[in-house]
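For the record, the sequence lines run as chains D and G. When we follow full-length UniProt numbering, the leftmost residue of the first sequence carries the number 1, and every step to the right adds one. When we follow full-length UniProt numbering, the leftmost residue of the second sequence carries the number 1, and every step to the right adds one.
One or more of the hints may lead you astray.
One side only, chain D facing chain G, incomplete, derived with CB under 7 Å [claimed, not checked]:
hint, residue
1, 39
2, 47
3, 50
4, 69
5, 72
6, 75
7, 80
8, 129
Computed beta-carbon distance windows for the label pairs [what the hints assert, rightly or not]:
hint, chain 1, residue 1, chain 2, residue 2, range
9, D, 121, G, 342, 45 to 51 Å
10, G, 375, D, 161, 35 to 41 Å
11, G, 171, D, 25, 47 to 53 Å
12, D, 23, G, 352, 40 to 46 Å
13, G, 268, D, 164, 56 to 62 Å
14, D, 206, G, 360, 21 to 27 Å
15, D, 197, G, 101, 47 to 53 Å
16, G, 391, D, 23, 49 to 55 Å
17, G, 273, D, 25, 54 to 60 Å
FYI, nobody ran anything at the bench for these hints, they're computed from the structure. The C-beta atom is built at its ideal place from N, Cα and C for all residues, glycine as well.
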Amino acid sequence: MTSNPKLIPQQEYILQGSINDSAVEMLLHRLQGLCDNADDPTETFLDREYIYSIKNPSGQAVMLRVRQDLERKDYPWHLRYLGQPEIGDKTRATLVRSCIDVACSNNVCKFLTEMGFKKDYEFYSKGYMFKKGRLKVIVAKIFHVPTSEVGQQQPVFADSNVQTVTQSYLVEVSIVAPSGSDPLADEIKQFADQLKPLVNLEKIDPRRLA
Amino acid sequence: MSENLARMVQRIDFNSIESEEDNDDTSETKESPSLAAPQWPWESARNKIRSALTEIHVLEDVLNIAKEKKYLVLDPVSQDSVDTKPIVSLVAKKKAFAVAASIIMSGADRIKQSKNDASRSQTSDFHSELMQMRQSWRLRRAGNSIIGDLSYRSAGSWYPHPGNFEVTKNEDPPKTQASPNQSSNSPIGPGPKQSALKVKIPSDLEGVAYIHVCVQEGRNELDDDPIKPVIDLEALSKIELTWQQKLENAQNVLFCKELFAKLAQEAVQVQFPIPTIVNSNVIIATLFPGIQLNIGLVHLTPPKKKRKFGKFENHEIAEKNNESVKFPHKHVLEHTLHQLLREIHYNALHHPMPHPTTATLGLSRLRYFAGPEAYDRHVLTESCKNETMLEQIIAQAQHFVLRDQALKTIDDLSKEIKEAIIIVHCLCLNSPIRSCIKIVIVSSGYESLNRTPVTIHVSSKNMTIICREGKKYTLHYDVGLLRETLLSIISHHHLSTIQNLCKLMGWRCISYTSNCGIGSIEQIGTASSLLIASPNDERVISIRHGPTSGAVVAVSTNPRDQDFYPSSIIRDRKWQNIQSNYKSIDLTKMPGKNLINKIETLMSFAKG
Chain D
1 MTSNPKLIPQ QEYILQGSIN DSAVEMLLHR LQGLCDNADD PTETFLDREY
51 IYSIKNPSGQ AVMLRVRQDL ERKDYPWHLR YLGQPEIGDK TRATLVRSCI
101 DVACSNNVCK FLTEMGFKKD YEFYSKGYMF KKGRLKVIVA KIFHVPTSEV
151 GQQQPVFADS NVQTVTQSYL VEVSIVAPSG SDPLADEIKQ FADQLKPLVN
201 LEKIDPRRLA
Chain G
1 MSENLARMVQ RIDFNSIESE EDNDDTSETK ESPSLAAPQW PWESARNKIR
51 SALTEIHVLE DVLNIAKEKK YLVLDPVSQD SVDTKPIVSL VAKKKAFAVA
101 ASIIMSGADR IKQSKNDASR SQTSDFHSEL MQMRQSWRLR RAGNSIIGDL
151 SYRSAGSWYP HPGNFEVTKN EDPPKTQASP NQSSNSPIGP GPKQSALKVK
201 IPSDLEGVAY IHVCVQEGRN ELDDDPIKPV IDLEALSKIE LTWQQKLENA
251 QNVLFCKELF AKLAQEAVQV QFPIPTIVNS NVIIATLFPG IQLNIGLVHL
301 TPPKKKRKFG KFENHEIAEK NNESVKFPHK HVLEHTLHQL LREIHYNALH
351 HPMPHPTTAT LGLSRLRYFA GPEAYDRHVL TESCKNETML EQIIAQAQHF
401 VLRDQALKTI DDLSKEIKEA IIIVHCLCLN SPIRSCIKIV IVSSGYESLN
451 RTPVTIHVSS KNMTIICREG KKYTLHYDVG LLRETLLSII SHHHLSTIQN
501 LCKLMGWRCI SYTSNCGIGS IEQIGTASSL LIASPNDERV ISIRHGPTSG
551 AVVAVSTNPR DQDFYPSSII RDRKWQNIQS NYKSIDLTKM PGKNLINKIE
601 TLMSFAKG
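Generate coordinates for the entire structure from the input sequences, incorporating the hints supplied.
So this is what it looks like as structure tokens:
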């Protein structure tokens, strides 16, 4: 992965925010107008994400995320490593974190378990996706499906057995790019400013939330 | 401090008051020199204040007397001049007001009128038209000017031309006074006469352009300009265009330029079996030997603006054009080129969305699947192969030429062949590089007896002929081969029709050879032969049919007499079945519409 840092996108520039369920319709309208291909119907998705972790010898936990598209079963699964987010100073417009993306086959979970990873938790993400140039905008709602029985292997995502986590949608604007492309951060910031009255996209450090 | 105060007091000028006091009470003034001796610094000030106090007392008394009105009545002094003055001032004021009012009124009128004028013709129209323009064009402000964008960049183009135009206010005086009313009546689109907007288009985007595509048959000199523009420049210069039309034209010019630039770039980069030639504004690609495709950029500017050398040239081309149009412009191929470029633009913007959402944006589906699906090198290299626009247009042009030639060949053949009827049907469901021609061969009058269906698949470089029995011939672009193959199929059709006729008439088919080795050698293909016998075996008809030589018919008799007299040579009755010699029949002298008809006649005679 580190052999040719110029070719492989390694940094994710991201801004996050949230919007109430009642106002999400307006946000979607605005996004459709702002983003590419406004004439096409909005792209929807339903993903399931598993978070696996392993402790390396120094005692630090390494987390890997496995994402699966539930609507398009034939698509490959996606394995992702996210580094520690860097807030940076005020001059930096977005959160930056290193990331490694790999498309993989659907037995990746088994592979990770064999390697010694343990599944921490999982969640479902359902929402809308937009694109503007290299910008990816995701408006998604996080769901949790309780597994009642241990033996049950695959809980089905249905209206009856999902639990919403919050009364709001998660909004993410991100670009994956080679490190050092700071102008992109400003691009994200400009885009985020256009959504300003509806949703405030900020640099959110998950460590502080915890 | 006190000294300073004293100095200030000294400055106070009491002289005027003193002078009055001098007249009033002289006794005091006379005393004053004695008192005036500066005993202490406030002396003079005290004196002044005392005298002032006295005066105030007097004044108070006078006022009291006047107020009580017992002793004194104060009457206002009436003066004539005072009476006349208010009227004069009133008149003066009235006049002044009238003048001011008239100034304001005239000013208001002027503003109103200018506003009306403006709404009718220029100023407000400028804004409303600008708003209309904004609805269909991208505009932005740069300093004091308004710059618009003609380019296809927002639609996915990467052509480096800036494609800017400038919008200014039309300062030209209106041509007629009546025109403003007219233009205000038309809310949609700018008035045809006078528009408040003026667009300034880059000089290289002026005029009219299109991509001329033609197929040239026969090898001409390369320097012979194959592109013949079909635009009347004189008519073009006369047309007054609105800004919308002007901008559309300019955008079209830009599009054509981009298209041609892309084609020219491909023509240089891509290695074709027969290299393409880019000659100034023409790309020449060889489709088949002797047939070439010319793609040219025709860009004509109105002749009134001809100042440069290049534009004179255009004019000359137009003059040449009037003489003759050698190779007609293929609108279908031009349209295809436009479509191809638009598809490229579309693909530049429409990437598949990543799924799941964290997946990398902008990867093609195939590349994304490559890892998990473990695609091998072959699949990956195949996926990287991207047919260029020029390759696609050449393939389409080749197909276009080949299909035309095939149809022409079939048409000629059906005109030429009187013996059989060739029914041609082109399927409407086809693709730009693949089409299908269905042929049914029947004999006139015997349609229900035998039908020979043939299907021809025409692709860009070869043709495939599929016969009923499953025979498949793959031919290259040579239509002569198609003709020959069809001729031999027709030849076979005749014999199979006769075979069917035999069954109908009760005759017997003794032998059938599709490639008989007897007789003169055919120029193409092989002749086939058929031997049929009458129901009572008395007559045998032999038919030989070749694709080029036609039919040769011979009849042999086989008399079966009731009596048999054995002789020294023929001892057994069976030898009587030996046929006599064949007698050739001159078909041209026989009555009948076609070969089948003649054979039928022959059969009916032979039967008897």
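Status of each hint after checking the structure:
no.: 1; hint: 39; in the structure: 11 Å, violated
no.: 2; hint: 47; in the structure: 4 Å, holds
no.: 3; hint: 50; in the structure: 11 Å, violated
no.: 4; hint: 69; in the structure: 4 Å, holds
no.: 5; hint: 72; in the structure: 5 Å, holds
no.: 6; hint: 75; in the structure: 5 Å, holds
no.: 7; hint: 80; in the structure: 5 Å, holds
no.: 8; hint: 129; in the structure: 6 Å, holds
no.: 9; hint: D/121 x G/342: 45 to 51 Å; in the structure: 48 Å, holds
no.: 10; hint: G/375 x D/161: 35 to 41 Å; in the structure: 38 Å, holds
no.: 11; hint: G/171 x D/25: 47 to 53 Å; in the structure: 48 Å, holds
no.: 12; hint: D/23 x G/352: 40 to 46 Å; in the structure: 29 Å, violated
no.: 13; hint: G/268 x D/164: 56 to 62 Å; in the structure: 60 Å, holds
no.: 14; hint: D/206 x G/360: 21 to 27 Å; in the structure: 22 Å, holds
no.: 15; hint: D/197 x G/101: 47 to 53 Å; in the structure: 51 Å, holds
no.: 16; hint: G/391 x D/23: 49 to 55 Å; in the structure: 51 Å, holds
no.: 17; hint: G/273 x D/25: 54 to 60 Å; in the structure: 58 Å, holds
Hints 1, 3, 12, counting from the list given before, are not met by this structure.
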